[in-house]
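As given, the protein sequences belong to chains A and B, one line each in that order.
In this text, residue positions in the first sequence follow our numbering: the first is 1, and each later residue adds one.
In this text, residue positions in the second sequence follow our numbering: the first is 1, and each later residue adds one.
Don't read these hints as lab results, they were simulated from the structure.
Since this is a predicted model, take the numbers as computed values, not measurements.
C-beta atoms are modelled at their ideal positions from N, C-alpha and C, and glycine is treated no differently.
So the derived list for chain A, only partly shown, Cβ under 7 angstroms to chain B, looks like this:
1) E4
2) L8
3) P13
4) A14
5) S17
6) G18
7) G19
8) Y21
9) T232
10) L233
11) G284
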Amino acid sequence: MTLEEILLKSEKPARYSGGEYNTPDMEKACDVRFCICMPDLYEVGMSNLGLKILYHVLNNQENVVCERCFAPALDFRKLLSENGLPLMSLETKKPLREFDMVGFSVQYEMLYTGILYMMDAAGIPFYAKDRDDSYPIICGGGPSAINPEPIADFFDLFMVGEGEETIVSLTSLYAKCKAEGKSKKEFLAKAEKIEGVYVPSLNTPEHRKTVRKAVIKDFDSCFYPARQLMPTLEVVHDRAMLELYRGCQNGCRFCQAGYYYRPIRYRSEKTVRSLCERLIRETGFDEISLGSLSTGDYPYLEQLLANINPLAAKAHVHLALPSLRLSSFKKEFAESSRKSSLTFAPEAGTQRLRNVINKNITEEDIREGLSAAFDQGYTSVKLYFMMGLPTETDEDLMGIVELVRMIRRLFYEKHKGGINISVSCSVFIPKPGTPFQWEPQISVEEMRRRQFLVKDELRKVKGASFHYHDRETSELEAIFARGDRALAPVIVRAYQKGAVFDSWTEYFHYDIWEEAMREIGVDKQKYLGAQPLDKPLPWDFIDIGVSRAFLLKEREKAFRSECTPGCDKGCQGCGAMRFAPCDEVKK
Amino acid sequence: MILVLKYYKRGNMAYISHIDLLRHFTRAFRRAGFEIEYSEGFNPHMLINLGTPLPLGISSSSEYLTVRANVGKQEFLERYNEVAPQGLEGVASFAPKVNPNIAGRTVAADYAVKQRGAEVHRKEIEGIVNLASFEMPITKKGETTVKEVAPLINAIKLYPDSLNLCLAAGNTTLRPDKFVEYLADKFGFEARAIDLWKYEQYVRNDKGVLLEMDKYLAGLEE
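Excised from the complex, chain B in its bound form (with noise of 0.2 angstroms):
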């Protein structure tokens, strides 16, 4: 059957790569002793999808990955965080009747990030989200280059000690590390990119509006 983990990426585990995130799973799931589908083929490898990148040094409470193995969703969850790794504990299980497509179908996320010193540029910092164009200079292998960012913002909220986003994850993503340097460097607030945590992640339903992932997830249960 179909099953997927939600599980946190924080602490030492913050600094994994995607790749080597892959090699973990795989190992803790041999280790809970777990009769997972392999691939066919001269060098089998367990069938594991993973969802959507998180940039290295960034904590999350809201990360999923798709396997199809033979046991319970309550008991999978028990299981694995019997031999998880510190840093890659299950948070919840689903059992979704279908594939999901999680790493197709994310488009947002949500991310918080301790800040101090904002709280006087309240006004034109959650005004960003009403602006028709807000363009931010990206650095990518050495080149950089302005993009407009506008479409790729959802919300933005300043609270007296943390600023809270909603930007686009997925196949069009706004990385949030940049993005907060960004915005500390524009406004001259404090705020770290090590100190950022994602909280939630959505995918878009047929009308078109942000849903939960957990809820998107319930859903395809029955």
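The shape of chain A in the complex, shown without the other chains (with noise of 0.2 angstroms):
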């Protein structure tokens, strides 16, 4: 069968066939061919915006062509694979193979199966090692960089941080090997001198250099594609998204991106407003959403809102606001988004255990925050939860159905009729570049208790209903997160035996990892335990600027149950000014 037969006989042939709107010159003459791969599917992979800003970024480079390739669904692989073709790149149909340069983008643990899926699709050995100078570089990056060790051995180099800068960097330092005939090894001795970039070969657990990840010093100056890809078909998020600023002042002790994001560096309004144009203009997308870590936190969204609303509605364009905190929660910002549903996330039960966390809200400013909410007519809340958190007690979990409780008298004091309360419960997951990094995770067993408690008390609650997590993906993400390079070995056992698209639970086999572990002979305990703080972690050598001083200090803290003031109120000295200047402390 030829491909377009393949495509006929696929479950979703349009994500394969390309040919989307906005898709830049393919044809033109370049040195570098670089393709951008998404280990998930299309409709998961085109809602990833860091995608679609470093796709633009290389193809505005005039020696580079920059085409994508998303994981194929396994219909597709089968229909590939019985015919004979390999895994190829959206744009023109080139096999992976050929290219110059393969990126992988790996934004959580759950999708290290779908890195040796595609691999394999595309007849590429796992290992750097196995791999000669005919194949192209195989690079990582995303958020999962900040600990690359359990899958540093499959890449030949990764980019830590953000990737703006680096990938363009790198792009031309390939472009000026390839034209002097320098080999691959000659290649990676020049790249691991490019700020962010960790090259695994040319160091060992035992002798390493650190890598410091790359920043972007001017946000506000930073490139961002108004111009962008539009998907062909509906995908999970199927709006624009354009981020205000990168960082965050809140510092929740849990939070892997609210310290690996920083400094805090805002997009000035004008130039916010001036994207939010362009992007009408040249979209057409019916939803924005103004992305940040804590939109509401945003200093300048009022004058926005009050700027770009009347051309929003204008091209019936909605805004939406993710993200807002309870505390920053107020009238105009309810009244500019739709009234369907109302999103916070209290993280914990309690007062004690929020301020562990340091989640610097209390139950006055959610009382606050949701009366005004229920005055302006919203009868439905969604809560998030954590569970597993350190220190956590029964009480605190007792505390979330308290917190319910409250919510619902707090609605029948103003409304009748009906209230819907939604409460998400996840397992807390120690994540390196957090004060908890060193923090044990809960067995199975234990999560498993403590959901149905929580489950069990909420049923008593008319209105209110509870989802929750599961376990043992949430266990075995929590073994990734701090894993190191004895992992490899597992990922690619477990992938053989059959595990692929872990994250979607119909193809999760908790069974299939546990023996691969028992096979190769890794001891779970080893990474799900509490870690010495007297001993070095396999992601010590990435420096992401917050410094381990401040961590171990927000430790100590933490289970003093004290909370740390965001930087809002006064730099709290984390580290991070030494990569870029930090706007909250200009401002």
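Join these two chains into a complex; the hints should help.
Below, the structure written as structure tokens:
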């Protein structure tokens, strides 16, 4: 069968056909052909802002053409191999093997098998040491690069931190090395000198250099693709996404993003406004999401909304404000969004535990915020919590139920009718780069006990529903999050036994993973238990800006239930300013 | 005013589903900056009426949609084409005085497909159209039933390298891809469903005669 015929036989051919609106010129003469790969389906991958930014950054280079490839669904993968076809790029249907560079965006730990799945379909050997100079340079990047060690052996290099500048330096270097006929080894030795680049083969766990994450110093003038790829089929986040700022002032102690993306750098109101105008004109999306780690904390939000609301209304474009904190919830924000459902994340049920994790909201904030929302006519509330947090007791878990009861009472003080309170509870995963990076994760049995404790109690509250994360997925994520190079063979073994799309519950089989760990001889407790403070951690060599001393200080304060004020109340000295000026301090 | 866009669906866009197609037009019209009429209610959406759905993988130079917008028909076509995705380019535009109800009025369409080796069966193939009965197996959701399709076949014409068909399309439809695959299999010639091309569609006039969509729409402009 030809590719066209295979397409028609597949479940959703538009996933693989390409030809999206705003696709850059793929025919131009170039020195470097790069393929960005996302180890997940088209619908998920095309929802990722980072992918769109880097794709257009590269295509804007005179001598670079960048294409894309997403993980094929199982049906399409089967059709490819039955017809002897390798995995190809979306744009020009070029086999992955024939690219100069292939870059995997690794969004989180559960996508590790997806990388092997794509390499396998493309006929590329998994381990970097098994690939000679005829293979593309395999690069990795994305949030998982904060601890690249579990997958380090599969990659030639990693881009740690923000990729906009690193990726351009890398392709320029590659073009130069290619013209001079340099070997892969020579290229990698030079690449390692670029800020944010980590070359696993030139470093051993015993002897390695520090890698500084890359940071965009002038975020306001940083490239953003207003003219961006338009997905051909409905994707998970089918809207334009525009970052208001990077970094976060809040310092929640469990949150990796909150520390990893520091220092705080704002886009000016003027820049955001003009980007919004261009987005409406160039994309035609009916929704623009004004994103950040905590949108309510964007200092120019009110002014921005006042300026762009009329524009958006005229074009029938909806402005979405995700990640609003309860304390930043204001009447005017609520008015500018659809009154469907309100989402807040108290994260913990009692004030004591909220202090431990430094989630600086009080019951009074919750009361005030929701009171305003109920006045606006909201009848549906979504609440996010975590369980298994350090120092958590059953009393804290019952606090979740109490909070739900309080919200229900608050609603009935003002309204009749029904209220929906949906409670979502994830499992705490100790993540590198946070003050909790040394903490243990609770066992699967303990997760089960705590989940049912809350579930049984919430069943007694009318209008409340309870959702919780899969326990075994959470455990595997914790193992990988703090993993080291000993895990690479486990990932390979699990993939060979059939593990793929582990982030999809219907495809996740924990028994495969437990078998793989047993066969390779890896003890999961090494990664799940408390990590000694006096021993080096596998990711210590990655310098994210925030200092170890600061993390340790925060950890101690956590155990004293002591809060650290937000950066807006004064600099707390986390250390991220060593990399770039922090706008919060300038303010 | 009521506007009708006649457009291509070809190349990569042949793989876009009907619902995704609607999304493409909503976005293109917003990019073009047209003042389009919206529905009322909680979640207002652009009032766009698409014609009869085209099976996935088949190309067409004869697709139609209706919108209400505040722009002249020539400007509508030009400005749309400036922001149209490749493969969904506009062919023509009409400004009918009344709602043409395209999806409801469409009764038939012309298709052509590349063929090799059908010449030897010319008589039998072209003769199908005169048969009182022509049955073919149709598989839907895994179940195969034999269906009488003779009333759904308006014309069959064989050319040296193509097979041209006029088949029922609209409220009752004979899928051209299924029909071509069946004929190719039955008579032993080469033709692939993905090479199908739809180039005309029809309404039925007062006298019960097939009338080309373009003529029907032009007639409504007066």
